[in-house]
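S.K.: What follows is each chain in one-letter form.
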Amino acid sequence: MPVTRASDFRPGDRIVLVGTMKGVFVFRGRGRGYQRVDGPRFPGQPVYALAYDDRGGRTRLHAGTEHPHFGSLLRTSADLGRTWSEPAEPNLKFPADTDLALKQIWQIAPGRADEPDVLYCGVNPSSLFESRDGGLSFSLVRSLYDHPHRAKWTPGGGGMCLHTILAHPQDKRTMLVAMSTGGVYRTTDGGMSWQASNTGIRAEFLPDKHPEFGQCVHKVVHHPARPDRYFLQNHWGLYRSDDGGANWKDIANGVPSDFGFAMASHPHDPDTVYIVPLESDGFRCTPEARLRVYRTRDAGASWKPLTRGLPQKDAWETVLRDGLTTDAADPAGIYFGTRSGKLFASRSDGGSWDCLAEGLPPVTCVRAAVVRDGTP
Amino acid sequence: MTVSVRIPGPLRPLCDGKSRLVVEGATTVAAAIGQLPAGVRERILDERGAVRPHVNVFVGETSIRETGGLATPLADGASIFVIPAVSGGSYVLQP
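Quick mapping for you: the protein sequence lines, in order, are chains A and B. Start counting the first sequence at 1; every next residue gets the next number (the numbering used here). Start counting the second sequence at 1; every next residue gets the next number (the numbering used here).
Read the hints as simulated data drawn from the structure, not as lab findings. Small disclaimer: the values here were computed from a predicted structure and weren't measured. Note that the Cβ used here is the ideal one computed from N, Cα and C, for glycine as well. Hints may contain errors.
Said to hold, decoys possible - Which stretches of chain B does chain A cover? Using the computed rule of at least three CB atoms under 8 Å from a CB of chain A, they are:
1. 10 to 19
2. 44 to 57
Stated by the list, open to error - Listing some non-contacts, in silico: residues in chain A with all C-beta distances to chain B over 12 Å:
3. D13
4. D54
5. R55
6. D79
7. H147
8. G191
9. T199
10. R229
11. D243
12. A252
13. P305
14. A357
15. E358
Taking the hints into account, I'd like the entire structure generated from these sequences.
M.R.: In structure tokens form, the structure reads like this:
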């Protein structure tokens with residue numbers, strides 16, 4: 001498969017950004033085919049977080065790179081990946097009084113549509129950063145950093161990561177974040193205060209199975225058209241909240257396991273959500289060695305497996321928490337990457353799948369979009 | 001008093017491609033690193049001022065871990081080597 005560095009994109013192309021433990025790969029979808037057009041970009045550097053951001057009439061890509069020796073940076077591309085920023089000085093830094101050092105960027109979340117220069121990053125150790133200049137510089141969100149629970153948050157398998165950031169699209173006072181471990185925290189006063197919001201979520205690994213906080217939440221999603229309803233994949237447990245995250249109820253109806261990491265909301269249908277269940281915390285592979293994406297179209301009342309084009313034999317696969325995503329096409333493109341380095345795509349809401357690549361480094365995150373403006 | 005700092009390849013683009021920088025008046029390793037160009041020192045030290053976990057710093061042939069860390073004193077003409085550690089390419093993969 002030829003690789004070009006000067007990837008050209010036209011309006012209407014799909015762009016698929018794949019973060020791996022050894023750099024970023026970029027795929028372009030045009031017509032019915034996909035082509036790898038770049039990568040590995042930042043070879044050797046783990047990339048846990050990527051974002052496509054076309055707010056404010058301009059398109060930017062963001063990547064959180066972790067150099068094996070020299071630290072983590074947020075990099076930005078204004079030309080769809082042809083060139084990326086190389087900040088001379090790290091743009092995410094903990095203030096000196098915290099006595100903390102940034103390990104990795106785990107989530108890059110563009111802010112609300114009418115605030116195109118606002119960008120959020122969730123990091124290890126569990127903290128939220130905010131940029132108001134499009135990602136050039138960031139400041140620590142002190143109100144969450146100062147939360148009295150912080151001393152009792154503990155590392156999950158991937159470290160102390162704040163991995164989910166969901167800004168309410170209309171209500172600027174409201175935001176939900178999630179971390180492993182720690183669980184869900186919400187603010188409803190514009191970030192002045194944060195409350196643990198885990199009522200109903202299990203913590204199988206603690207003596208008290210329903211503590212106020214300390215859950216190992218793996219991913220939370222919502223749909224912009226119904227932003228007060230959330231879906232949550234837990235470290236054991238699949239949940240929905242209908243009241244803005246205040247209470248959570250079990251929706252593991254018809255899944256082979258309620259353990260898993262990845263979760264994605266359909267771009268157009270608020271009732272449709274995708275997950276990839278895994279066997280257990282002790283055996284983090286797809287159950288029965290079958291690679292199945294599960295989809296609900298009724299907000300969790302039922303889940304059905306999607307298998308056409310996916311290996312149903314000898315497939316001991318793992319999809320990590322940001323390894324599953326959608327684009328905004330109609331029907332939607334659904335994409336996921338595996339820890340074994342495979343990349344799959346569906347152009348039909350998940351009805352059938354194609355393998356776009358094998359042999360990539362372990363896939364940590366995937367983001368996709370329909371390109372609006374093409375390459376500058 | 002003059003000391004030299006050997007710059008590893010990945011950081012040379014941040015100092016005009018130079019492999020060796022000369023620092024004047026630094027009596028400790030911390031002072032010498034503190035005089036390096038912005039961006040270089042932040043890649044050697046984290047925001048707490050600690051040497052990053054996968055970076056090794058030597059004065060001559062001796063790691064500063066054995067000689068007092070960043071407080072290691074420098075003699076005139078000393079050579080500091082900043083070298084990526086062999087441990088840096090291996091990761092425990094999340095989750």
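S.K.: Check whether three or more residues of the region 44 to 57 of chain B sit with their beta carbon closer than 8 Å to a beta carbon of chain A.
M.R.: holds (count 8)
S.K.: Just checking, A252 of chain A versus chain B, shortest CB gap more than 12 Å?
M.R.: holds (19 Å)
S.K.: Just checking, H147 of chain A versus chain B, shortest CB gap more than 12 Å?
M.R.: holds (21 Å)
S.K.: Against chain B, does R229 of chain A keep a CB gap of more than 12 Å to every residue?
M.R.: holds (26 Å)
S.K.: Tell me if chain A covers the region 10 to 19 of chain B under the three-residue, 8 Å CB rule, please?
M.R.: holds (count 4)
S.K.: Per the stated criterion, does the least C-beta distance between E358 of chain A and chain B lie above 12 Å, as a non-interface residue requires?
M.R.: Check passes; 18 Å lies beyond 12 Å.
S.K.: Please check whether the beta-carbon of R55 of chain A is more than 12 Å away from every beta-carbon in chain B.
M.R.: The claim stands: R55 of chain A keeps its Cβ more than 12 Å from every Cβ of chain B (closest is about 28 Å).
S.K.: Please confirm whether D79 of chain A is truly not at the interface, meaning its C-beta sits more than 12 Å away from all C-beta atoms of chain B.
M.R.: D79 of chain A is indeed farther than 12 Å from all Cβ atoms of chain B, at 20 Å.
S.K.: Would you check whether the claim that D54 of chain A is not at the interface survives, using Cβ distances to chain B and the 12 Å cut-off?
M.R.: The claim holds: D54 of chain A sits with its nearest Cβ about 28 Å from chain B, beyond 12 Å.
S.K.: With 12 Å as the threshold, tell me whether P305 of chain A passes as away from chain B on beta-carbon distances.
M.R.: holds (22 Å)
S.K.: Test the statement that D243 of chain A is away from the interface with chain B: the closest C-beta pair must be farther apart than 12 Å.
M.R.: holds (28 Å)
S.K.: Taking C-beta pairs only, is T199 of chain A more than 12 Å away from all of chain B?
M.R.: Its Cβ never comes within 12 Å of chain B, the nearest being 24 Å, so this holds.
Every hint from the earlier list agrees with this structure, and none is contradicted.
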